[in-house]
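Q: One-letter residues, chain by chain:
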Amino acid sequence: MSDLRVHVEGVGLWSPQLADFGALRSLLAGQTPEPPPARPTAATLPPNERRRAPASVLLAIEAAGQAVAMSGRDAATLACVFASSHGDQPITDYMCATLARAPAELSPIRFHNSVHNAAVGYWTIATGCHAPSTAVAAQAASFGAGLLEAVGQVLAEQRPVLLVCSDSAGSGPLTEITGCTQPFACALVLAPAAGTATLARLDLQLVPSQPDDALPGPLAGWRRGNPSASSLALLAMLAGNAGSCRLAAAPALGLQIAMEKVA
Amino acid sequence: MPHVMTPLAVTAHTATSALGRGLAAQLDALRGERSGLRPNDFSSAPLACWIGRVDGLEAAALPAAFAPWDCRNNRLAWLGLNQDGFLDRVHAARARYGANRVALLLGTSTASIGATEEAYRRLDADGGFPDDMLRPAIHTPHSLTAFVTAVLALEGPCLTVSTACSSSAKVFASAERMLRLGLIDAAVVGGVDTLCDSVLFGFNALELVSPEPCRPFDAARNGISIGEAAGFALLERIDIAPEAPRLLGYGESSDAHHMSTPHPQGLGAELALNDALARAGLDPAQVGYINLHGTASQKNDEVEAALVARAFPATTRASSTKGFTGHTLGAAGIVEAAVALQAIEHGLVPGNLGGDAPDPVCGAQFAWHNEQQRIDVALSNSFGFGGNNACLAFARAEFAA
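For the protein sequence lines, the chains are B and P, in the order given.
According to our numbering, the first sequence is numbered sequentially starting from 6.
According to our numbering, the second sequence is numbered sequentially starting from 716.
If you're looking for bench data, these hints aren't it; they were derived computationally from the structure.
Glycine included, every Cβ here is placed at the ideal spot set by N, Cα and C.
Do not rely on the hints blindly, as some may be mistaken.
Quick list of the computed label-pair ranges, beta carbon to beta carbon [said to hold, decoys possible]:
1) P:753 - B:206: 27 to 37 Å
2) B:82 - P:782: 45 to 55 Å
3) P:1000 - B:74: 41 to 51 Å
4) P:847 - B:218: 51 to 61 Å
5) B:181 - P:810: 52 to 62 Å
Interface residues of chain B toward chain P, partial, derived using beta-carbon atoms under 10 Å [as the list claims (entries may be wrong)]:
6) 46
7) 113
8) 120
9) 133
10) 215
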């Protein structure tokens, strides 16, 4: 089987320490980037939606908006793959706590925000996107599995795809179970062909799974605090000039990814 | 518009719902126009509504080897996998292609959130999960797929699609793309959702639950009845099974309108339909039967009936089977795909149970009672919260578009 080749046109990233992809570059260059405001801006959302949307949605949309802006693409034209290992943990915590105490008091808004595809729903509504959109999960391999799903759409349909992977921090008793201690989101705009916006070329192969490579020094330990941060292996590579990395895509399946910078 | 796709063979499939275990029970209930809905007897504080409950899950613990996965949703998955010889067919595919060449792509809306709800009802003195619930693998959206991966011993791509009520329709699209790219040689697709307080009280809070058995497309419909179900299908290339029914096409779209209300003109639903017809190379007049999403919510049925009326001739028959099964949420796509495949195999157009006083917006396409006729092509619609739409197209092996 030949390599799966896609082109990266945009990169988005948000964590409490890193406001965007530029901040990651600066961290990896040994600097101390200015941390972002406590709440992601998510400027793609209209102000009333920004007030209503839960934090998990703001987190995903912040990263998505950054990646799409970098690509110069019209968001309405992009198919969307939004991945998350745990979905909105504060809402799960709220729902389970309320159902245990007073089920009839469950908030209808929080219920409809609890669906795994809430973030991609808000995104398609805000951007007027009628393209196919999906929300996926694969436990600790959610980024790799989401990347494989996105690459499949890019190549099979020959269309650009927005990939987002995000997890909010845990809340309440659930935190002990998920181990999610900090929020993290990233996004990529992937295209089938090279163009003026191409930043890098990725060649992917399916391989038997192996443990993920260690992350560069300043990022060591981030994966423990958030499964979506497993994407940092690829993002750190994109911050450099060339390289390769391995990511889990399933319990017994890995992705071998070679990256080459373009322009 | 997409290119016409190479059809795939549906070499095995199965469904388990309130209609019973496996395809024969489903067919029997459809033929008898017998609903599986019952007054709500689920949970410690049951709402006054009707539900589509699968009998016997409480007594059907998982085999000891899978005990750490035990929860209602995985019990239903196990029950579903053990019907219609499905496990044997997957084992044969795994032997033929290799475990790493078979994907597992499952849809679910809430996975085993019921187990997380239970843990919160039984928090220990320190406010933490009780010891028997300290099982991270079941308190996550991927619980179902990870469990089924373990049961089937598959080593290929493995993904949970969770787009609310379109989840287990969209997995067919993912499978087709991976097969087309040569990443895999077969895919197990499907989905499972089980009754839990989150969906019963959640839809109730949205005032979308009917106090009576749901009445899709009835003028006096007043909401959904929630059900639970498991269903699976095995997809392979057609050269391996030239006689098997086929996945002819699929369509996906986004409404870009509202989180919990469909687009008022059915824009997203129509885009998904047109995408599916184009991929399948079909004219609307070639469609014999459409299994509608038809939840019995005011808005969904109004919008979907109008779409059927403007897009199809009267020779295309249409019905919702939610009056039989209830709305099985993330499992609706696969259960209703199984109904569409039975329509083709048995020439049965199931009647739209519960539509006693049809909404005037419904056209001549609606089958209010069972009809017996040859069906070559059948569609299945699935629409979810967030404006997430999917449409599947199936055909008998001999059909040529």
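Q: Against this structure, judge whether each hint is valid.
A: Verification of the hints:
Range check, residue 753 of chain P to residue 206 of chain B: Cβ separation about 57 Å, and the 27 to 37 Å hint is violated. Evaluation of the 45 to 55 Å hint for residue 82 of chain B and residue 782 of chain P yields a pass: the beta carbon distance comes to about 48 Å. For the pair residue 1000 of chain P and residue 74 of chain B, the beta carbons lie near 45 Å from each other, so the given range of 41 to 51 Å is met. Against the hinted window of 51 to 61 Å, the Cβ-Cβ separation of residue 847 of chain P and residue 218 of chain B comes to about 36 Å, which falls outside the hint.
Distance hint for residue 181 of chain B and residue 810 of chain P: a CB-CB separation of about 41 Å, inconsistent with the stated range 52 to 62 Å. A cut of 10 Å between beta carbons decides the hint on residue 46 of chain B: the least distance to chain P is about 21 Å, and the hint is violated. Taken as an interface hint, residue 113 of chain B checks out: its beta carbon lies about 4 Å from the nearest beta carbon of chain P, inside 10 Å. Hint on residue 120 of chain B holds. Least Cβ distance to chain P is approximately 5 Å, under the 10 Å limit.
A hinted interface residue such as residue 133 of chain B counts as satisfied when its beta carbon comes closer than 10 Å to some beta carbon of chain P; here the least separation is about 5 Å, so the hint holds. Hint status for residue 215 of chain B: violated, given a least beta-carbon distance of 13 Å to chain P, over 10 Å.
The structure shown violates the earlier hints numbered 1, 4, 5, 6 and 10.
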